Amino acid sequence: MRQSSIWRKPGIALAVAMLLLPAAALAGEAKGTIKIATQSPLSGGQAAFGEGIKLGSQLAIEQLKGPVEKLGFKVELVPYDDQAKPDVGVANAKNIIADKDILVVIGHLNSGVAIPSSEVYKDGQLAMVSPANTNPKVTDRNLSIVSRICGRDDVQGEVGAVFAKSLKVKTAYVIHDKTTYGQGVAEFFRDNAKKLGIEVVAFEGTEEKSNFDPIITPMKAKKPDLVYFGGMYDQAGPFFKQAREKGVTAKLMGPDGLDASELAKIMGKTGVGLYYTTAAGPVKLYPKAQDFAKTYKAKFNKDPEPYAAEAYDSTAIALKAIEAAIKAAGGKVPARESVAVQIRKSKYSGITGNIEFDEKGDRKKAGYFILEVASEDPGKWGDNKLLKREEIAPPPLQK
Amino acid sequence: MDTSLLIAIFPQVLLDGIILGFMYALIALGYTMVYGVLEFINFAHSEIFVVGAFIGVEILLGLQARGMLDAFSPFLVLLILLLAGMAGSALLAVTVERVAYRPLRGAPRLIPLISAIGVSFFLQDAIRLFESIWRNAFNLVYPTMDQLNLRFQLTENIEISVKSLVVIASALLMLWALHLIVNRTKVGKAIRAVAEDQATASLMGINVNRMISLTFLIGGAMGGAAGVLFGVQYSLINPYTGFIPGLKAFTAAVLGGIGNIPGAMMGGLVLGLLEAFAASYLSLLTGGAFGAEYKDIFAFSILILILIFRPKGLLGEVVRERA
Numbered sequence: 168m169r170q171s172s173i174w175r176k177p178g179i180a181l182a183v184a185m186l187l188l189p190a191a192a193l194a195g196e197a198k199g200t201i202k203i204a205t206q207s208p209l210s211g212g213q214a215a216f217g218e219g220i221k222l223g224s225q226l227a228i229e230q231l232k233g234p235v236e237k238l239g240f241k242v243e244l245v246p247y248d249d250q251a252k253p254d255v256g257v258a259n260a261k262n263i264i265a266d267k268d269i270l271v272v273i274g275h276l277n278s279g280v281a282i283p284s285s286e287v288y289k290d291g292q293l294a295m296v297s298p299a300n301t302n303p304k305v306t307d308r309n310l311s312i313v314s315r316i317c318g319r320d321d322v323q324g325e326v327g328a329v330f331a332k333s334l335k336v337k338t339a340y341v342i343h344d345k346t347t348y349g350q351g352v353a354e355f356f357r358d359n360a361k362k363l364g365i366e367v368v369a370f371e372g373t374e375e376k377s378n379f380d381p382i383i384t385p386m387k388a389k390k391p392d393l394v395y396f397g398g399m400y401d402q403a404g405p406f407f408k409q410a411r412e413k414g415v416t417a418k419l420m421g422p423d424g425l426d427a428s429e430l431a432k433i434m435g436k437t438g439v440g441l442y443y444t445t446a447a448g449p450v451k452l453y454p455k456a457q458d459f460a461k462t463y464k465a466k467f468n469k470d471p472e473p474y475a476a477e478a479y480d481s482t483a484i485a486l487k488a489i490e491a492a493i494k495a496a497g498g499k500v501p502a503r504e505s506v507a508v509q510i511r512k513s514k515y516s517g518i519t520g521n522i523e524f525d526e527k528g529d530r531k532k533a534g535y536f537i538l539e540v541a542s543e544d545p546g547k548w549g550d551n552k553l554l555k556r557e558e559i560a561p562p563p564l565q566k
Numbered sequence: 035m036d037t038s039l040l041i042a043i044f045p046q047v048l049l050d051g052i053i054l055g056f057m058y059a060l061i062a063l064g065y066t067m068v069y070g071v072l073e074f075i076n077f078a079h080s081e082i083f084v085v086g087a088f089i090g091v092e093i094l095l096g097l098q099a100r101g102m103l104d105a106f107s108p109f110l111v112l113l114i115l116l117l118a119g120m121a122g123s124a125l126l127a128v129t130v131e132r133v134a135y136r137p138l139r140g141a142p143r144l145i146p147l148i149s150a151i152g153v154s155f156f157l158q159d160a161i162r163l164f165e166s167i168w169r170n171a172f173n174l175v176y177p178t179m180d181q182l183n184l185r186f187q188l189t190e191n192i193e194i195s196v197k198s199l200v201v202i203a204s205a206l207l208m209l210w211a212l213h214l215i216v217n218r219t220k221v222g223k224a225i226r227a228v229a230e231d232q233a234t235a236s237l238m239g240i241n242v243n244r245m246i247s248l249t250f251l252i253g254g255a256m257g258g259a260a261g262v263l264f265g266v267q268y269s270l271i272n273p274y275t276g277f278i279p280g281l282k283a284f285t286a287a288v289l290g291g292i293g294n295i296p297g298a299m300m301g302g303l304v305l306g307l308l309e310a311f312a313a314s315y316l317s318l319l320t321g322g323a324f325g326a327e328y329k330d331i332f333a334f335s336i337l338i339l340i341l342i343f344r345p346k347g348l349l350g351e352v353v354r355e356r357a
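Line by line, the protein sequences are chains L and E. Under my numbering, the first residue of the first sequence carries the number 168, and numbering increases by one thereafter. Under my numbering, the first residue of the second sequence carries the number 35, and numbering increases by one thereafter.
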């Protein structure tokens, strides 16, 4: 026994040396690896959305990494799955800031996950570019590392309320999912609706996922003209479907969380005629995004989900900023802070239009859209009827 | 406060609560029967319930893909779904018992409990894995069968859909069948004997293992049927759907007096009604201060009150028989 343990030691040393050798050899070839992380739900009920963000980002890196590679760096994507849960997002964020190669995070899908996670990124001076978080608090905390490509819920709620008014709605029944995002946008809708003279007959939250009967019964008895659901499609879908099946004839409406082809799958023909507002325009509305849509479809064999194009642009901006930061650092690996500074300076013409950020990280002109579901076929989600399109500047920072 | 509105929706809320209650009752039977015989909580039962729902949706989607869904009467389709769901879940329940519980039969009470929790996690992720490979989907939707969605207008404010009637009728039918099996047949008597005293029962020539398997079989079948009915009624399911209804049904079983079959039914109904009334009335009664989101707190507070005064559950002491 003793003999064998003596024999084993040099063996281990040799094995370790062999493992280290190729790593050392690789490091000599390039100046290093620069990683861009994505954080979005890749499993669970909102995975369709989250995967769109990952794939949009992946495509951008593949197509646009050239300039950074010319400077002598390898560019890699590291996707993280935040499961749409704040605790998972924060735990991932801690791992992300510990990896010194990661210079930018693209994410998240859910504002409730993005806000606590960005507090962690702040500690690591790591820049976050958000393709999809619409809650005002994402940027209103005035963190220098946070920038976003999409619009805001305070504006989205107002756009929705103004549209509801134009439908001659007199009473509205507002339900939300109690998340930062869902409740937030529902509150903005409610407040703006009240200002416009629409009577909000109820404002309620629910975490229920399957049995909506007890909410629908009193709702039906109150006979509202419009029902607004602040939340995501996997909850709004069954809720609206059950409401229709129970004979609720009110107009149905919701925010960008409803903008997923799976909503059509859940609701079937009860979904036709549903209105939703969104900060992610359908890809067909952006002339410059047509190639993106084609490549995406060819490569991943599905249409881009909403916010995939925004993720593409977020990543493009990140790559540009990294390139500028490398040059500013004299060709060396740049500090994370300087990447964040470069992102804020971006003047970029992306596939979703021109992108510039204001002092707190909001896009200077963000698009807002109102659409109507046109078909029960999930494959035709991209053909939903556009009713209104606006470009609105974000409100200034409240000091 | 709008009193006329409160009165107007009362019958509809009652109906919602009864449907939910029967759903809980069917699931609760699986918990209570196993507890009655083995005195442990089968936490994997919520997944056995969900497997029933998944079998149902797979058959429906299969029929739909072949364009055969409209060819049959929806009632026939529903019957097939129920039978398949019951068979699948029953088989799964028996397998789980054989693999995860029987080897631990002599171990301290907590050991099979941990095993049950493990099985529960395993099954959740097994379903998720299967569905992500097979359909690349997380949420599955029961296709709409129009005839089941027809509604009867009873009065101005009360409507009942065909599928709600179907849920109530099948639940009642199954509870009645279970009652007959347990109380009127030799097998039922044997199960009750095993529940009373395993050693003595085996001395009387009863095959204890077979009776325990049978208990899981019946409990699993009820769970599977509940799964199918749940899917038909509420339409959207995912691999984790079972957790909350499972927890509620377990509560219902405790409320009724765990180990007691009529107690489980009663507990299910009481919990379903409490939940429905809390969700519908809280916001109306408090002027919006407390909304439907507090329904569980309200329902469970009442539950605690009941259990303070009747620690053995509603029927825990009155009926001695266990199964």
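Take the hints with a grain of salt, since some may be wrong.
Cβ-to-Cβ under 8 Å is the rule here; a few derived chain E residues that face chain L [unchecked claim]: (1) T37; (2) A42; (3) I43; (4) I145; (5) D159; (6) Q181; (7) N183; (8) S195; (9) T275; (10) A313.
It is worth saying that the hints were derived from the structure and are not from the lab. A quick note: this is a predicted structure, and the numbers were derived from the prediction, not measured. Think of the CB as a built atom: it goes at the ideal place given N, C-alpha and C, for glycine as much as any other residue.
Hint check results:
Against a cut-off of 8 Å between C-beta atoms, the interface hint on T37(E) is violated, since the closest Cβ of chain L lies about 13 Å away. This hint holds: A42(E) has a C-beta 6 Å from the nearest C-beta of chain L, less than the 8 Å allowed. Interface hint at I43(E): satisfied, since its Cβ lies 5 Å from the closest Cβ of chain L, which is below the 8 Å cut-off. Contact between I145(E) and chain L, as hinted, is not supported at the beta carbon level, the nearest pair being about 30 Å apart and thus beyond 8 Å.
A cut of 8 Å between beta carbons decides the hint on D159(E): the least distance to chain L is about 10 Å, and the hint is violated. Residue-level restraint check for Q181(E) is violated (minimum Cβ-Cβ distance to chain L is 13 Å; threshold 8 Å). Taking 8 Å as the C-beta contact cut-off toward chain L, the hint placing N183(E) at the interface holds, the least distance being around 5 Å. Because the closest C-beta pair between S195(E) and chain L is about 7 Å apart, less than 8 Å, the hint holds.
Contact between T275(E) and chain L, as hinted, is supported at the beta carbon level, the nearest pair being about 6 Å apart and thus within 8 Å. With 8 Å as the threshold, the beta carbon of A313(E) comes within range of chain L, its nearest partner Cβ sitting at about 3 Å, so the hint holds.
Checked against the numbered hints listed earlier, the structure breaks hints 1, 4, 5, 6; every other hint is satisfied.
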